[in-house]
Every structure is written in C-alpha cells, then in structure tokens.
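Student: Spelled out from the first residue to the last, the chains are:
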Amino acid sequence: MSQMALTDTIDGLKVEAHRPWPRLVVSEAGWRAVAAELPAGRLTLLGLWGERSAAHMAVLDEDTAEIAVATIECPQGSFPSVGALHPPAIRLERALHDLYGLIPEGLPDDRPWLDHGCWGVRHPLGDRDNRDPKPPPYAFLPAEGESLHQIPVGPVHAGIIEPGHFRFTANGETVVRLEERLGYAHKGVDSLMTGAPLGKAARLAARVSGDSTVAYGLAFARAVEAALEIEAPPRAAYLRALMAELERLANHFGDIGAICNDASFALMHAQCGILRERVLRAAHACFGHRLMMDRVVPGGVSCDLPAEGAATLRGLLDELRRVFPRAVNLYDNTASLQDRTAATGVLRAELAHQYGAGGFVGRASGRAFDARKRPGYTPYDRLDFDIARFEAGDVNARVWVRIREVEQSLDLVEQIVRRMPAGPIKVETGGEGRNAEGMALVEGFRGDVLAWLRIDDGRVANGYLRDPSWFQWPLLEAVIEGNIVADFPLCNKSFNCSYSGHDL
Amino acid sequence: MRRTLLESLIRRPVTEAAPAPDEAALQELAGSLDRAARRRLGRSLSIREIDAGSCNGCELEIHALSNAFYDLERFGLRFVASPRHADVLMVTGPVTKNMREALERTHNATPDPKWVVTIGDCALDGGVFAGSYAVVGGVSNVVPVDLHIRGCPPSPAEILSGLIALVTGANHRKRA
Ligand code: SF4
Chain V
1 MSQMALTDTI DGLKVEAHRP WPRLVVSEAG WRAVAAELPA GRLTLLGLWG ERSAAHMAVL
61 DEDTAEIAVA TIECPQGSFP SVGALHPPAI RLERALHDLY GLIPEGLPDD RPWLDHGCWG
121 VRHPLGDRDN RDPKPPPYAF LPAEGESLHQ IPVGPVHAGI IEPGHFRFTA NGETVVRLEE
181 RLGYAHKGVD SLMTGAPLGK AARLAARVSG DSTVAYGLAF ARAVEAALEI EAPPRAAYLR
241 ALMAELERLA NHFGDIGAIC NDASFALMHA QCGILRERVL RAAHACFGHR LMMDRVVPGG
301 VSCDLPAEGA ATLRGLLDEL RRVFPRAVNL YDNTASLQDR TAATGVLRAE LAHQYGAGGF
361 VGRASGRAFD ARKRPGYTPY DRLDFDIARF EAGDVNARVW VRIREVEQSL DLVEQIVRRM
421 PAGPIKVETG GEGRNAEGMA LVEGFRGDVL AWLRIDDGRV ANGYLRDPSW FQWPLLEAVI
481 EGNIVADFPL CNKSFNCSYS GHDL
Chain X
505 MRRTLLESLI RRPVTEAAPA PDEAALQELA GSLDRAARRR LGRSLSIREI DAGSCNGCEL
565 EIHALSNAFY DLERFGLRFV ASPRHADVLM VTGPVTKNMR EALERTHNAT PDPKWVVTIG
625 DCALDGGVFA GSYAVVGGVS NVVPVDLHIR GCPPSPAEIL SGLIALVTGA NHRKRA
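Protein chains in written order, with my numbering: chain V, 1 to 504; chain X, 505 to 680.
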C-alpha cells in the first residue's frame, strides 16, 4: 500500500476535528474495501469498536506507519462483518454486538463474548433491551473423536491469577484444542467513561489493567491532548517515558521469573522477584506510588521527580546491571530450563502478522512493530534504542525478547535521567466548550495500547481502549495445539495476556 | 554460576523486619474472631486468593508478598490452591456480575470456620467501578467480610500488617 497515502485508498468523507490521524465515514462498499485489505496483509487491524449506531475500525499500513479510522453508519442496526473475512476481528465484533446490539452481518461466530447473561440487561451501551436479559446458553465448540477427553479449567484458578475459563480437548497428554472463554473481569469501563469528566475518565483508564497503568494513562492522556491540540511540556514527556520504562522493567522481571518458575526453576523466580521489587521501590521513591498509578494525567504528569530522584535511579541502574546479567547467564546455561522453553509453544510468523500481534508475542515471531518507533512519540524520537526481534516464536524466544528489552530499558532510563529537561510538568487541558476527537497508540510492556476518545465540553462522550491482548489471546489457542497439557502454564505465562485489559 | 547467583542473593539478606499489626484492622477484627477460631488458627493461616474482577493491580502486590523482601511464609501464612484447604478467602475486585457465582461457590466450598479478607478499594465498595451495570460493587454484598485492607492497591507492607492483625487479633482482644 505504500504507493499511495492511506487516506487516498479509503473512499469516504473525512471527519473534521479527528486527530492526529484521519477518520473517514465510508459507505458499505467502502467498508468492505477496507476490510478486504486486511486478509490480503496490506493493512493491519488496530481496533474495531462501536457506538449507538455506528461501527469504527482502525487500520495501520505497516510500510508507512500511517493510521486511519473507517466509520460505517448503521441506521438499520447492522454492518458487514469484518470477521467474516479476517478472523482477528471476530472477538471484537462479538464484543461490539454484546455492548451495542449492532449486528455484524455474516459474522461466522455469533455467540456472545463478554455477556454471560448476568448483567440483567442486554446491549447496555446501545438501545437497552430488557425484555430478555439473557443470551442463549453458551455452547462450547464440539469436539468429537475417539479417545478425546475435555478438561475444563477456571474461571477460578489454583494460583493468584486473573479469572478466565479454558477448555482443553486432549488426546491422552496432547492438547488437540484449547478454547478460551473470557469476559469474567468485564467491569463496563466504556459505559463508566461515557459522560465522565476527563479527570475521572483518566482514573478509569489507569485501572483497565493495573500492570499497564502507566501505558493506559499515557494512551488516554495523549488521546485527550491530540483532540484538544495541546502538548505536554518537554519535562513531562521525559517523566512519562521514565515511568513507562520502569513499568516495562518491573513487568519483564516479573514475567521472566514467572516463566522460569513454571519450568520448575524457582531460583530465577526468587532472583527476578527481587529485581522487580527494587524497581517498584524506586518508583515509589520517585513518584509516590509503586505502580505509578494516576501519575500520567492529561496535560502532563501529576508529580515531579524529587531532588534525590536522579540518584535513586542511578543506584537502581547500578544494582540491576550488576545482578541481571548473572540471571541471564543462569537462564542461558541451565539445560533443563532450555529443555522446557525451546521449541515449546511455537507461534508461526504468518499468524503473528495476520493478528498484528504486538509486544514480545509479535517480536518473538518476527513482527518487529513497536509504537515507540512507529508511529512514534516524544521523547523516543530523541532516544537511542533498538527493537528486539527473534524468529523462533517459541517460549524461549519470548523470554529473550524480554531480556533484550530489559537491557534496552536500562539504557533508556539512563538516557532519560541524563537528558531530562527542566521546566513545567503540566499544562491546562481546557476542554470546555470544545467538541473533538483524539486517538493515540502507546507501547505498553505487552504491546501497543490504543485509545480513542470523543470529547464534548470537558467530558468523554465516547471512549474506546484496546488492549494488546485482544490480538494475543487467540494466538495462545493456536500455539498450544500439539503441546502437552503440562506445558500450558509455561506457554500461558510466556504470553501473559491481560484478562482485565481484554474484558474491560 | 549457580553459586555466584546464590551469593548475590544471600550476601545481604533483603528480608525485612515484620511490620506491626495494623491498628485499624485489629479493631475491625475484634468482633469476628472467637476462641474457637484462635485455636484452629494457631499462628498459621492457609489463604485462597480469588480475583473477582480486579484490574490485576492488587494481584501484583499480593504476589509481591512472596518475594524475598516480605517472605510471607515466615509468618505461617501461605497460599493454597484449593478452597477446601483454606482458612481465609482473600478477595480482590469490585465483584463483576460475571464472577459473582464463582465467588459464592468458592465461599461455599471453603470449610468453616473461615474468614474473608478483601484487598483494595474496589473490593470494599466497587471503587472507581461502582455504579456500572456489570459490577455488584463490594465483596460484602455477596459474602460476609471480616477484614478490609484498603488501598489502590495496598502495598505489600500494608497487606502484611493486615494479615498479621488477623492472626494476632484474638490475643489482642484478650489483652484489651
Ligand atoms: S483497588 Fe485499585 S489496584 Fe486493586 S483492583 Fe481495584 S483498581 Fe485495581
């Protein structure tokens, strides 16, 4: 698609005041034409969401890093299904139907997704339908064949894990199929955001997935700033990046330890737990909150680095750089560990590309997309770092992506501390009386987080937050096939998808 | 290699002194612990964690309780995999409607006597998610709660001092 600008290839009417990327209202034919680019691999699906009588899809041209939103009005309450052509859209459309009641015509799987029949209402964000508050009973996909048996797990799990249901169909030890059922953590964030003042909506965004609170806070803030045409001051941009890299470090340490623990290697788990705790303590010392919740706000950040902050961070870097390489060495030199992680849970590159899989899931299977680089945002354009990319697609590659990203983040923190500009940390948002739309794509530790907002007089009129897990959960189903049941926890940890971020 | 790593782990012990039991928690508990409970508990507690739709922030800090700094097990507190082996249900989240039944079932599967401890502001009253069509809002709307540990999320030290209050509560009440 690189010959022509993305918007020239989409036939539609450009909406004013949608920033920074265009939104076009398209006809049914125009919608189908955009959808057809997805299975062809010319565009990547970034998100698909609804409102009362319209559906939107965000797409990315990976060659040019251009982004656009196509909108189809649905006066009859339906639109042509994208999932009918492109499987990565299926769950997004099932969720859209649950929430708004719009019908994706031709959707191959029309079972509910987030709606488990417990809300007391159907289509809570559309024209509420209270006549029959329960969808039909959920039917898992049938599995037939001699000597197949089913193993249902969850929604409550044996460990300290988020809620979700997994149904394994196994032939002896080998998994023939995994079917996920999610939605248990659905809290109705979209509806709570509707009509909320920006400050309250920002606090909600910060609680979509607690492990990515900085990434969500940043995505929300950047969408607000794009809509209202304001820019956070340079110092705020550096402080945001500092928090984002600390969040990435803490999560990657946690993940590396947890993956090794599931491969029965508790020493790495203990070591990584210490590294993670050190990062969280430094975050608390610098920003007054271990997870740095509510520190990124529309217009800037809510608190500045204290006088001793730079010294705290240098001390942290020294300690992490002293210990982490030994942990890496240990991982690399423990044959029994490699035995479990190498060639386990292989994700093929084609699938990673088809689903636009972000983060370590995509980058371990050859898809080197990183929103910090492209489309990119400040201050990363002024910082030196590489995108870690591996090709093997197995658990081991997903561990190595994290290891390389830890090293990159350590360098980034050092650069950020060294180059931190002086100055104010916040500007007024001043959205009163304005009606505008904004969008942002931000690189969280597990991949790109998308935020889309329509702002009306200082309040959120509509909002959509898309977790990277939407395009990773379905791939977990694919990679476990042919592996033994006992390797599921290991594969699952190496993906570490968010339940809350996905269920919203 | 393994030796150098072990050395780096133990050269300076990182485990911290026990925090004092939380005073507010002790007061909240005063009514819910009786002598039978005390006898059963001794100084050891088996905890079953259940995420009733949290944002996962609280889970991160519950996980941190097991790292070398807090070392939960030295207090006789341990996480178990089955509600049938649990004395304490530790619940997070605003209780989504989609998790309500699972929470009730887990509570019913836990043998008496049992205690319910909630972690986080969501579990107290729904927190920022209160008022949604999709949440019940507050664990005590579903099962009786003995102790609330507040915060968003509470730090591991705060969770720990709440739990220590739980095991020492009965003695404290006798002295009072
Ligand atoms: S209390 Fe805060 S951290 Fe805990 S689950 Fe609720 S929003 Fe997340």
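By construction, these hints were calculated from the structure, which means they are not laboratory data. As the structure is a computational prediction, the values presented were derived from the model and not from experiment. Worth double-checking, as some hints may not be accurate.
[What the hints assert, rightly or not] Per label pair, the in silico range of CB-to-CB distance:
(1) V:Arg52 with X:Glu577: 48 to 56 angstroms
(2) V:Glu414 with X:Gly655: 25 to 33 angstroms
(3) V:Pro108 with X:Ala585: 45 to 53 angstroms
(4) V:Glu428 with X:Glu577: 30 to 38 angstroms
(5) V:Ala158 with X:Gly655: 35 to 43 angstroms
(6) V:Ser147 with X:Ala572: 43 to 51 angstroms
Every residue, glycine too, gets a C-beta built ideally from N, C-alpha and C.
Student: Each of the hints needs a verdict: does it hold here or not?
Tutor: Hint check:
no.: 1; hint: V:Arg52 with X:Glu577: 48 to 56 angstroms; result: holds (52 angstroms)
no.: 2; hint: V:Glu414 with X:Gly655: 25 to 33 angstroms; result: holds (32 angstroms)
no.: 3; hint: V:Pro108 with X:Ala585: 45 to 53 angstroms; result: violated (37 angstroms)
no.: 4; hint: V:Glu428 with X:Glu577: 30 to 38 angstroms; result: violated (50 angstroms)
no.: 5; hint: V:Ala158 with X:Gly655: 35 to 43 angstroms; result: violated (26 angstroms)
no.: 6; hint: V:Ser147 with X:Ala572: 43 to 51 angstroms; result: holds (46 angstroms)
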